[in-house]
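Protein chains in written order, with my numbering: chain F, 1 to 195; chain X, 1 to 594.
Derived by calculation from the structure, the hints in this document are not laboratory data.
Among the clues, some could well be false.
[Said to hold, decoys possible] EDC-like mimics (lysine to aspartate or glutamate), calculated; alpha carbons at most 20 Å apart, straight line:
{"#": "1", "chain 1": "X", "residue 1": "LYS276", "chain 2": "X", "residue 2": "ASP253"}
{"#": "2", "chain 1": "F", "residue 1": "LYS99", "chain 2": "X", "residue 2": "GLU564"}
{"#": "3", "chain 1": "F", "residue 1": "LYS5", "chain 2": "X", "residue 2": "ASP566"}
{"#": "4", "chain 1": "X", "residue 1": "LYS373", "chain 2": "X", "residue 2": "GLU305"}
{"#": "5", "chain 1": "F", "residue 1": "LYS31", "chain 2": "X", "residue 2": "ASP171"}
{"#": "6", "chain 1": "F", "residue 1": "LYS31", "chain 2": "X", "residue 2": "GLU173"}
{"#": "7", "chain 1": "X", "residue 1": "LYS311", "chain 2": "X", "residue 2": "GLU296"}
{"#": "8", "chain 1": "F", "residue 1": "LYS31", "chain 2": "X", "residue 2": "GLU419"}
{"#": "9", "chain 1": "X", "residue 1": "LYS568", "chain 2": "X", "residue 2": "GLU591"}
{"#": "10", "chain 1": "F", "residue 1": "LYS99", "chain 2": "X", "residue 2": "ASP566"}
{"#": "11", "chain 1": "F", "residue 1": "LYS184", "chain 2": "F", "residue 2": "GLU139"}
{"#": "12", "chain 1": "F", "residue 1": "LYS5", "chain 2": "X", "residue 2": "ASP253"}
[Unchecked claim] Listed next, the stretches of chain F that the computed footprint assigns to chain X, with coverage defined by at least 3 CB atoms under 8 Å from CB atoms of chain X:
{"#": "13", "region": "23-29"}
{"#": "14", "region": "91-105"}
{"#": "15", "region": "172-183"}
{"#": "16", "region": "186-194"}
We put the beta carbon where it would ideally sit given N, CA and C, even for glycine.
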Amino acid sequence: MRTSKCDIVIVGVGGQGVILISEIIGRAALKAGIHVRAAETHGMAQRGGSVINHTRLGCIYGPMVPEGGADILLALEPAEALRYGRYLSRGGVALVNTKPVIPTTVTAGQFRYPEIEEILAPLRGIGRVLPMNATEIAERAGSSQAANIVMLGALSRFMPIEEALVLEALMDSVPRRYIDVNLKAFELGKAEVSG
Amino acid sequence: MREYLLGNVAIARGILEAGAGLAAGYPGTPSSEIIDTLSGIASGYDIHVEWSVNEKAALEVAIGGSWAGTRSVATMKHVGLNVAADPFMTLAYLGVDAGLVIVSADDPYCHSSQNEQDTRRYAQFASVPCLDPADPQEAKDMTVYAFGLSERFSVPVLLRPTTRVSHARSDVELGEIPEGRRRGRGFRKDPARRVSLPVNARRLHRELIDKQRDIERELESAPWNRLLLKGDVGVIASGIAGLYAEEALANLDADLSLLRIGTYPAPSRMIEEVVKHTSRVMVIEELEPVVEELVEIVAKRCNPELEILGKRSGDIPRAGELDLLTVRNAIARMLGMSVTVPEDLPGAESVPPRPPSLCPGCGHRAAYYAMRKAFGKDAIYTNDIGCYTIGISMGTVDTCLCMGASITIGSGIRFGGDERPICCCIGDSTFLHAGMTGLLNAAYNKSRMTVAILDNSTTAMTGHQPHPGTGFTATGEESVRISLEEIAKALGSGHVECVDPYNLEESISAFTRARDFPGLSVVISRAPCRILLRRKGERYIRYRVTDECVGCRQCVEFNCPAIEFDEKAAINQLCTGCGVCAQICPKDAIEVVK
Ligand code: SF4
Ligand code: SF4
Numbered sequence: 001m002r003t004s005k006c007d008i009v010i011v012g013v014g015g016q017g018v019i020l021i022s023e024i025i026g027r028a029a030l031k032a033g034i035h036v037r038a039a040e041t042h043g044m045a046q047r048g049g050s051v052i053n054h055t056r057l058g059c060i061y062g063p064m065v066p067e068g069g070a071d072i073l074l075a076l077e078p079a080e081a082l083r084y085g086r087y088l089s090r091g092g093v094a095l096v097n098t099k100p101v102i103p104t105t106v107t108a109g110q111f112r113y114p115e116i117e118e119i120l121a122p123l124r125g126i127g128r129v130l131p132m133n134a135t136e137i138a139e140r141a142g143s144s145q146a147a148n149i150v151m152l153g154a155l156s157r158f159m160p161i162e163e164a165l166v167l168e169a170l171m172d173s174v175p176r177r178y179i180d181v182n183l184k185a186f187e188l189g190k191a192e193v194s195g
Numbered sequence: 001m002r003e004y005l006l007g008n009v010a011i012a013r014g015i016l017e018a019g020a021g022l023a024a025g026y027p028g029t030p031s032s033e034i035i036d037t038l039s040g041i042a043s044g045y046d047i048h049v050e051w052s053v054n055e056k057a058a059l060e061v062a063i064g065g066s067w068a069g070t071r072s073v074a075t076m077k078h079v080g081l082n083v084a085a086d087p088f089m090t091l092a093y094l095g096v097d098a099g100l101v102i103v104s105a106d107d108p109y110c111h112s113s114q115n116e117q118d119t120r121r122y123a124q125f126a127s128v129p130c131l132d133p134a135d136p137q138e139a140k141d142m143t144v145y146a147f148g149l150s151e152r153f154s155v156p157v158l159l160r161p162t163t164r165v166s167h168a169r170s171d172v173e174l175g176e177i178p179e180g181r182r183r184g185r186g187f188r189k190d191p192a193r194r195v196s197l198p199v200n201a202r203r204l205h206r207e208l209i210d211k212q213r214d215i216e217r218e219l220e221s222a223p224w225n226r227l228l229l230k231g232d233v234g235v236i237a238s239g240i241a242g243l244y245a246e247e248a249l250a251n252l253d254a255d256l257s258l259l260r261i262g263t264y265p266a267p268s269r270m271i272e273e274v275v276k277h278t279s280r281v282m283v284i285e286e287l288e289p290v291v292e293e294l295v296e297i298v299a300k301r302c303n304p305e306l307e308i309l310g311k312r313s314g315d316i317p318r319a320g321e322l323d324l325l326t327v328r329n330a331i332a333r334m335l336g337m338s339v340t341v342p343e344d345l346p347g348a349e350s351v352p353p354r355p356p357s358l359c360p361g362c363g364h365r366a367a368y369y370a371m372r373k374a375f376g377k378d379a380i381y382t383n384d385i386g387c388y389t390i391g392i393s394m395g396t397v398d399t400c401l402c403m404g405a406s407i408t409i410g411s412g413i414r415f416g417g418d419e420r421p422i423c424c425c426i427g428d429s430t431f432l433h434a435g436m437t438g439l440l441n442a443a444y445n446k447s448r449m450t451v452a453i454l455d456n457s458t459t460a461m462t463g464h465q466p467h468p469g470t471g472f473t474a475t476g477e478e479s480v481r482i483s484l485e486e487i488a489k490a491l492g493s494g495h496v497e498c499v500d501p502y503n504l505e506e507s508i509s510a511f512t513r514a515r516d517f518p519g520l521s522v523v524i525s526r527a528p529c530r531i532l533l534r535r536k537g538e539r540y541i542r543y544r545v546t547d548e549c550v551g552c553r554q555c556v557e558f559n560c561p562a563i564e565f566d567e568k569a570a571i572n573q574l575c576t577g578c579g580v581c582a583q584i585c586p587k588d589a590i591e592v593v594k
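Extracted from the complex, chain X is given alone in its bound form (with noise of 0.2 Å):
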């Protein structure tokens, strides 16, 4: 049977497939999905299914239901993986029992994150096996192989989709679900594998890199890795850009050896194979040269007269991500033939632009116009990673690092000697990610400054999954609902308010007291995301602008992308009813349409 599905759901699929029985994930774009489609359906399945709080919590749920027997899954975005390396580092030397594969989804270009860091290396570094399908198709067949990888060299797998291969769709021919039981045995008590007291984790590190040679030889005959010998040019390329190899040499009718790589460690016979066949090969991947290195070294070995060309010849852009062009007209000037370059459009160039931006009536806008109020423009603002920081034009993201470093990084200006007012901000879900360490390290080393918890009671950027703040699990099961005041006061926070930004006379003064404690504030900024409120049915007053409208902007410089302005102001569809416009308005030009 075939079906028009999602990558990310394709890998669910995979994982349904494959008989796991847990799925631990944090959400990250590109990687949201295949927690949110297991959530979905997880009551019809013996799988346990939850959001876990941070990756590196998931990842160790994950562990602990391998040595269960339980195959298990963690779910991430690429810059997630940085978070759960501590246990991903050591869990290579103490390995698995039930399979376990972790999803670590890379975003070349930054589509929708703070860096392009490439999960291969990773892989490399922790002498881990990774997988790097080129499609959903591949996504979805190499779940379900990466589980049998995993058990048969006690290693966990990683599974590397980019966000071509995640947010892509394709008709994907699917496989059987088994039914019936997915959960293990239990733990076996096993303390030499996993205890890893330095004198189990010396012997277990060796064992790590013996393995390393079976692993490949297994890797070499798996059928992701493709090798078409022809003519003495040739083309070696990964994961999806294995695919846009492929489409270019049949758009250019080009008759070349083609080697396309799915796995690694990367097949070095296959390699080996086309660096003494060939004479001039290219080198085509995404992001770190890793195949390229591994090339030169072969290449080395077997054919040193071998002209390589790729990212270190600067034919292959070395960041962002790769597309057919890109590809076509790289192979193209190697064999001498015509490129293509598209025509830029006469006025295509002064279109305006359209960034993201906050949606109209979102709480974290009004908190942003409070918090300035009180903070003044010379305050320093550090911010952290979610929808709050597309509001970035409001004047008060001054920093984004990665997840939670808002709180750290404003104590470290502090004690780096500024005495400047410190407003850090932090969303509900981050914080409790990673946040509420900075928040405890802030308080216990006498930080004086304010921590802004922009709470909207969801994780909105990724689609709008739950957390410990919402009172509800992955699946929907009602649990304990954290109050982010309490575990304020608790890790050490000397003023602790909580306000509705809606109000912006009351907020305003909420941030005034928090600016002038003497010590470490917290204010809790609390209103539902609008979307999600929309979702549970809500339905939004409107405002309108009247005719004592005099056109002085006020309300303009608020920025809500439902406030349009023609020599005077007018307040569109978008509308969704916050009020806070209504306040600004000097005039009391705006009200309620009734």
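Same shape as in the complex, but just chain F (with noise of 0.2 Å):
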């Protein structure tokens, strides 16, 4: 049995605004009365690090998405979504942002930073995936730090959950002078994988 309606799992980098996009989802799905389950990454990790949230929607257990389970993966920065890929479910959808992060283990040359399609070619053996310059886009709309709401923009079309409330929920979270230059980088995520 099915025990969640739909398992999102968000990953990024510490300072993205990872936990940002969770908190929204969980206030719209709290509007729409539907259950919602989280796990975040406090901490540590935080400092740079590689971050994973969790996002369970219509559910009433635990807040971890189970490996295989995720039914979106939603990637803030590429190399994140190839390390977390195998939380995505047969099947289901990854959203990734293609603009990389490089990390200081890369920056040091002990490793090397893998080309965009190396990250996509796997994901794509699993399920559908969605690639956009998110970081670019927000840049569009008036902040390259507004990524996160490209993402989540993007993200809304999958979500059983109205987009109106999505966008309330959005209003709610941010602070009143970013609204402007958040609901239009919601808007062109959106539009970027309408077609």
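Dock chain to chain to rebuild the complex, using the hints, since each chain is given by itself in its own frame.
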């Protein structure tokens, strides 16, 4: 038996706003009257480390999505998409920001950063992959900081929550003076996956 | 009303709903957001909220609060309870007046900790009840319940959320927050119960033991223990593992008997029912086999034939955290059903690691660089608990054990006969928490070494909490601002210097002087945390690399995440303008962006 309506795994680098996305989804779910469970990375890993956040919609059990169970994998950073790719379920959707954040292990010459195709190809073997340069799109909306909201806009097409509620939750969650930029980022992100 | 709450925020809410009037804690992941939340809203309620100097202080303050008739809570991470263990163990004898709850947040898998000790063992050790919530809702409801339990039996009560409860978020049904007065009637003199003279302690120990049966009887019928007897195969699971087990059984469409445990002492009558009803049972819990041992004892008496699967049989991992997949597969294996093995993605193993790193422009990095220049690579660098431990790649972190141990272990290494230079590194908050006694000890016993206090003027790792060096309390009130220099001198250090780590030359010479000082020297390297400064509205200048760069990589060795390298160096937008790389570059190829 399925025990969650929609399982989402959000990954990225500490500081990219992974938690904010999950917070907005959770608030929107609450407005929709859907039970929601989420697990966050706090503490040490937040210092520029790799972070993973689980969000489960229509679920009353544990907060973590099992490996191979994510209906949607939302990656704010491409290498992180591959690192956590094993969470994506067969036939699931992977939304991937293609703009890398280079880890110090690469700068220091100890490791090689994979080509974008090396990242996307294995994911394509599992589900539907939708790459986008969310950082560049966010710049068009007015701030590269809003890349997470671009991705949220794209995600909104696949979530079982009415868009109006997601937008309401977005407005509840970001400071007033950034609302316009964020709404624009959201729209551009949504448009990116429409075609 | 429902709200979408972080587990720790739900606990804070429970503290308010219970009418508590005093909350004290020391920051530690995954517990910090409880006091963070309360301190932000304290002014609206009759509640004293404080960041204490350490967990022992926090617990003792909470004990005083309870003895003054005010419902009180102390919060900490699991290893914080070690620091507070001295008051904790005897408190169980003396008991409480108004309800006293100790939140000790466990961290299975060591997400942000140096060990994964199990607070339930402390509960057994001290004969104190412990509640083990499975999710934020339970965490809140148990918090409210814990205060009443504490009062009914005059014992402190432990609440033991784990990382996956404290840092989980879910929709939580809220209760009422009572209005008005929260502080109690004041301290009532009762030496027979408040003074732990042997004559009292002997009696109180017996009383504590006698209470256990009644405590267990009440907990047996508490809503946190749920028993569903079905088939003759069963699962007994505790805390969040109970939630995993329930979901796994739903996933597998398996009709097993299930006992979910949320309290300690564990409900032994319910356990007995399962043991008698089943021929095979799997015990699922994180960390210590607390329930498993109890099931073994009960089975010996009631059903010696019972097959018990769990940690001892190797079916459930003894260390680390559990998750749905692990639990589901364990149950599936027991039932002879097929298990799910997640597929490995080709290429995933070669994804470059992304360990946490010191922030761009962090003063610790600069301090480490200067320290290493002055002390050299053969020196011994004892380290401590805080952001600065992340600087391990700089070669200045040789040890890390527990709060404050950098200084004392350094002393020990010296007296153990090692004559190499020793530089102990400790942060400001950690120094005030547990480093001062070590420094005093080092001075008194004539230890010859250097202590570097890396002062970023906050408790950064856990979310930037204030401490006595910042001059502000948890609730933002102005308070005494103690001087680390004065403390270091007062504790007996013969040479104390304060430096700005962003001035490399000065910093290196300060560390060199400290190294050459024939006694105990202290260098305070002072640079406020970059994240904190940014939050306060500081705007950073940025640096860039010019065409003069010859690609020598000397700046890259500095390990700043803002410096990239591809034949030549480049600085990305993460730069916070500390300017240290510009001082390192031998070609003067790094300059301020105009
Ligand atoms: S000035 Fe140099 S070392 Fe400092 S933050 Fe910028 S790039 Fe990093
Ligand atoms: S230290 Fe200076 S010359 Fe050497 S790589 Fe860095 S910027 Fe270039």
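Exercise. Which earlier hints turn out false for this structure, listed by number in ascending order?
Worked result: When the structure is compared with the hints, numbers 1, 3, 4, 8, 15, 16 turn out to be violated.
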